[in-house]
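Q: One letter stands for each residue in the lines below.
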Amino acid sequence: MKETIDIILNECLTELDNNPTQDEIQSVKVKFLGKNGRLTALLKGLKDLSPQEKPLVGQLVNLARERIEAKIAAVEEAVKQQKLKEKIESEYIDITADFTHGKRGALHPLSMVNKQLMEIFSDMGFVVKEGPEVETDYYNFQALNTPLDHPARDMQDTFYITESILLRTHTSPNQVRVMEQSRPPIKMICPGKCYRVDDDATHSPIFNQIEGLVVDKNVTLCDLKGTIEAFSKKFFSDSTKVRLRPSFFPFTEPSVEVDLTCSNCGGKGCRLCKGTGWLEVLGAGMVNPFVLDNCGIDSQIYSGFAFGFGIDRMTMIKYGISDIRLMYQNDIRFLQQIVG
Amino acid sequence: MKAPISWLKDYVDIDVDINTLEERLVSIGFEVEDIIDFSDKFSGVVVCEILSIDKHPNADKLSVCEVDIGEKQLQIVTNAKNIRVGDKVPVALDGAVLSDGTHIKDGELRGVKSKGMFCGGEELGANDSVYPNASFDGVLVLDSNERIGESMINVLGFDDAVLDINITANRPDCNSIYGVAREVAVALGKKCKPLDCSYIVNGIQNTANMVTVEVVDSDLCPNYFMQGVTDVTVKPSPLWMTRRLFKVGLHGISNIVDITNYVLFELGQPMHAFDHDNIKDRTIIVRRALSGEKIIPLDEKEYVLDKDILVIADKSKPVGLAGIMGGLNSGISQATSTVVFESAVFKKENIRKSAKKLGLRSDSSARFEKGVESYTADMALSRALHLIQLLNCGIVTAGRIAIGEEIHSERQVSFKYSRISKILGISIDENLSSKILESLNIRTSITDGVINCIVPPYRQDIDKDCDIIEEIIRVYGYDNIQSTLLENVKVTVGGINVSHKEQFAVRDILAGAGYNEIITYSFGNKNAYTKMLFNDKYKDNLIRINNPLGEDMAYLRATLACNMLNTIAFNLSKKNKDFALYEFGRCFFAKSLPLIEQPKEITMLCMSITGENSNFFCLKKAVDLVLAHFMLPYKIKRSELCYLHPGKSADIILANGEVIGSFGELHPTVLDYFDIRSTVSICELNFDRLIALSAADSFKFHRISKYPSSKRDFAFVIDSKISVGDILETVKDISPLIESIDLFDIYNGGGLSAINKKSVAFSITLTSYDATLKDSEIDNVSDSIVEELRKKFGAKLRDN
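Line by line, the protein sequences give chains L and F. If you count by this note's numbering, then the first sequence holds residues 1 to 340, one letter each, in order. If you count by this note's numbering, then the second sequence holds residues 1001 to 1800, one letter each, in order.
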């Protein structure tokens, strides 16, 4: 009997080894395990065996059945895997044949830089403020210690609307507006558009400035240097150094020009920095006591610093833009570069 | 300010090279904008003596000369006519470069070799102010004493450099050679030599007897000084003086005029020399001009004056524009024998205004505009008289007429010494501070912690503690300032304001939707607004700039759409197509015109989409995105905005009834005017109002139903004029069970039973929060929809 079972088993396994199709597997199932299958027949014949043989043969048949079933499962899995493989292979596409790519819109480079500046200063505890672009002579000049006959007015060619209403020439009027509205401690920046009668390759009649102001007890020139250093390390790179040079603005005293290590060459000297290794980017100084007192802040108790710089220039330096006009022409081919 | 090194050396010992000097000056606040090196003007030109002149064998107009340049003799071919044997002339040798950039090489002229070229003054960048007869059009014949072989750089006094220094507005005292010299001395740690202003009064005349001065409008002329010179000989000035004038951009005229110019540059004080004989009735009146009064100054043009312009007049007429230019009728001539020098202080604001009004600016007005003061004005007059004697060209009369305020004297500034470290953040030793201030001619004493400073009269910019502190630190050096980060300052919470925050949020949304940000100028012009079909009333309310850059930038913009259209047209002209743009910017609205107060500034958002496949609905997607960001539901109705297509545009109406903006395709006429041949849709929103009305902060979530929703599809045939929006709006209001309606088809092609009809298909989703919907409830809603749309719009369920 055992021999018969082995013969059937071997025959069945041989058939299954022969790379059967799903249909062939099915017929193997029927042939051996089906209602009238050969193994089933053996089971049916058990009743004719002796009580001693019955359990022995029954066990052998079941073992054979289990082996066949395991084999069928394995072969079926192999067939399924093969089919899946063929299906996937047949579905291959040319992933480089792309003409539906999504185009992201671009932020204007000035906005990108503006955002970065606001975030850096905001993180340093500065609030961001805004002020009117159409200003009065008082806020734009007089309150900033620039009376009518002040020579500093020569430095700024102003668009006038009436004798006392003008387009702001800098963001500094917001120093006064903020100091009038709030008390120390004051830490603010104010970005915005400014206007000057100027139109050539390096000047645009409209440009963007950012104003910074800190007023409290114990604010010093060293704090001004440290603040600008911290900002420029974040904006440019950790190795950026800061240099102060004497200068003049009517609303700060002492006044300084602030130079930063050239971000292009790291201070070695290049075309951008005209070989000096330094970029002239900021005007700053300690708030003139006249301005403080005029805003009702006692200059004997409080001190402060203010700084201002051109966002356009920062943007040009940061992104290597050589011509300011590119930024106001708004050619898509220029704008889109930043999103690739 | 142009300062020749050789001139500075009169007052301060400069023993460093020019680059070190530049560096030192920059470090104390004097930016050197340019170094004009005169020794670079030309090269390779030396003095030669002409040994022989022979006719050129092949050319009538040329001569062949043998010359001696010291180390050797050379043959030079020339076309010069003004040379003789024995003359000394400049010769440019092989390899020389002339002042106009011409390179000289050995060559052949008509078959005869020439080892160089004779030079005229112009080729060497020289004129009569630099060397006698250098302006002559021909070869420059030199003085017979010139040394053969000497470089012409030395002969012309070009072994010199000029610093072009940017003088900040607070330092008018440094718009002068002597002022710069004082700073150079500080920069190099040297002493500045005093300026010799001494003169001897020789004549029997007294100025007071020569002329009477009346300052009528002393508000515009706080100080007026005069002094006379008799027995004047008008002649050319010596070369040392004209060469200096040449290097600062002037040229010699005559000794008297040159002296006034020399003092102008040396001390920064403009002066004027009157021919005494031309002063009618011997009276000088400083007064405002009469309205309509005329004058012809030295530029020989006639100017009509008004009462804001200050003139120097005699009894009958103006003889000079105060501080700007002398009159042609009172100038110095060869015949002048008696001179009165004027040195005055005129109010800078008035001079600025007058010069601007007349369109006439001079070295003199430039100085007055920056500010002069009485101490230097008085000193300048003495210096001029000193020069008269130095040049030996007249006899100085006794008595100076000095009218006006007290002459500036030293000023005192005192403050607590501790202020210095309080402002700077570093402490500076008292002795060091005093030494620094001493070098600036500020005398100090420190007692009981208070520093007392005596400031020289020419430093009108110093009157407070912070001015002194600035003087100390600029000389001590800003490199000594440490970096600290507000260690002793209260902590503040920073933050970005709402408007900027929301602008950046919307920028990100629009970027995701493929929109590119543009930034344009804030100007507008009436012509462009006419092209946008705005009416006159709209245009009359625009705010005009008084001094615009041009008519196309003459107004403040009241819409972003105009620049948007220009940008679209620009991009199309560059062959860019299919693009979406947006801009954030302020628009300006006058409360009344002419402006009496600042206009209202509104931040607007303008969006546009351009391309053959774009349309109204493409842009509406962007509108939806922006409005959804602020959680503002809106309705639309047909817009009447002039520049939009009346049939393809809409006003955006918020729940409170406010129109927040409009959008739509462009009016065909506007497209034509802007020469745009593409479909353009444009939207302008009041961004400030969007922020103000934003519902995003008050938003709350609601629960979702536990029970399954049901869907029903409908297709109605309606009159094609009925708007789909009205249908959907009506459906929405029929039952609270209707959760959403989705339009999925509009069809107006063939197959419909009647013309002028369209089929509208939509599906509704019904949801109950209380129980599972019964079929009967759903049927009820369906029936109501059919009935309601039939009644209201004559809509019929589509049967096929």
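No lab work stands behind these hints: they were computed from the structure. Owing to the predicted nature of the structure, the values given are computational and were not obtained by experimental measurement. Be careful, since some hints might not be right.
[Stated by the list, open to error] In silico DSS-like cross-links for lysine-lysine, where the CA-CA straight-line distance does not exceed 25 angstroms:
no.: 1; chain 1: F; residue 1: Lys1721; chain 2: F; residue 2: Lys1706
no.: 2; chain 1: F; residue 1: Lys1002; chain 2: F; residue 2: Lys1307
no.: 3; chain 1: F; residue 1: Lys1348; chain 2: F; residue 2: Lys1307
no.: 4; chain 1: L; residue 1: Lys233; chain 2: F; residue 2: Lys1191
no.: 5; chain 1: F; residue 1: Lys1600; chain 2: L; residue 2: Lys193
no.: 6; chain 1: F; residue 1: Lys1317; chain 2: F; residue 2: Lys1353
no.: 7; chain 1: L; residue 1: Lys103; chain 2: F; residue 2: Lys1575
no.: 8; chain 1: F; residue 1: Lys1757; chain 2: F; residue 2: Lys1792
no.: 9; chain 1: F; residue 1: Lys1294; chain 2: F; residue 2: Lys1280
no.: 10; chain 1: L; residue 1: Lys103; chain 2: F; residue 2: Lys1490
no.: 11; chain 1: F; residue 1: Lys1501; chain 2: L; residue 2: Lys115
no.: 12; chain 1: F; residue 1: Lys1757; chain 2: L; residue 2: Lys193
no.: 13; chain 1: F; residue 1: Lys1422; chain 2: L; residue 2: Lys274
no.: 14; chain 1: F; residue 1: Lys1791; chain 2: F; residue 2: Lys1637
no.: 15; chain 1: F; residue 1: Lys1490; chain 2: L; residue 2: Lys217
no.: 16; chain 1: F; residue 1: Lys1501; chain 2: L; residue 2: Lys318
no.: 17; chain 1: L; residue 1: Lys233; chain 2: F; residue 2: Lys1792
no.: 18; chain 1: F; residue 1: Lys1422; chain 2: L; residue 2: Lys217
no.: 19; chain 1: L; residue 1: Lys193; chain 2: F; residue 2: Lys1526
no.: 20; chain 1: F; residue 1: Lys1501; chain 2: L; residue 2: Lys234
no.: 21; chain 1: F; residue 1: Lys1490; chain 2: F; residue 2: Lys1637
Q: Is the straight-line distance between the alpha-carbon of Lys233/L and that of Lys1792/F 25 angstroms or less?
A: violated, 69 angstroms
Q: Take the C-alpha atoms of Lys1422/F and Lys217/L, compute the straight-line distance between them, and say whether it is at most 25 angstroms.
A: At roughly 9 angstroms apart (the allowed maximum being 25 angstroms), Lys217/L and Lys1422/F satisfy the hint.
Q: What's the verdict on Lys1490/F and Lys217/L, does the C-alpha distance respect the 25 angstroms limit or exceed it?
A: holds, 8 angstroms
Q: Between Lys1002/F and Lys1307/F, does the CA-CA distance stay at or below 25 angstroms?
A: violated, 35 angstroms
Q: If you draw a straight line from the CA of Lys1422/F to the CA of Lys274/L, is it 25 angstroms or shorter?
A: Since the Cα atoms of Lys1422/F and Lys274/L sit roughly 36 angstroms apart, the hinted pair is violated (cutoff 25 angstroms).
Q: Next pair to validate is Lys1501/F with Lys318/L; report whether the Cα-Cα distance is within 25 angstroms.
A: It holds: about 22 angstroms lies between the C-alpha atoms, which stays within 25 angstroms.
Q: Take a quick look at whether Lys1501/F and Lys115/L sit within 25 angstroms of each other, Cα to Cα.
A: Holds, because 9 angstroms separates the two Cα atoms, which is no more than 25 angstroms.
Q: Assess, step by step, whether the Cα of Lys1757/F is no farther than 25 angstroms from the Cα of Lys1792/F, and give holds or violated.
A: The given pair, whose Cα atoms are some 16 angstroms apart, holds under the 25 angstroms limit.
Q: Are the Cα atoms of Lys1294/F and Lys1280/F separated by 25 angstroms or less?
A: Between Lys1294/F and Lys1280/F the Cα gap is close to 17 angstroms, so the pair holds against 25 angstroms.
Q: Checking one constraint from the list: CA of Lys193/L to CA of Lys1526/F, max 25 angstroms. Satisfied?
A: holds, 23 angstroms
Q: Could you grab the alpha-carbon distance between Lys1490/F and Lys1637/F and see if it respects the 25 angstroms cut-off?
A: violated, 54 angstroms
Q: Checking one constraint from the list: CA of Lys1791/F to CA of Lys1637/F, max 25 angstroms. Satisfied?
A: holds, 23 angstroms
Checked against the numbered hints above, the structure breaks hints 1, 2, 4, 10, 12, 13, 17 and 21 and satisfies the rest.
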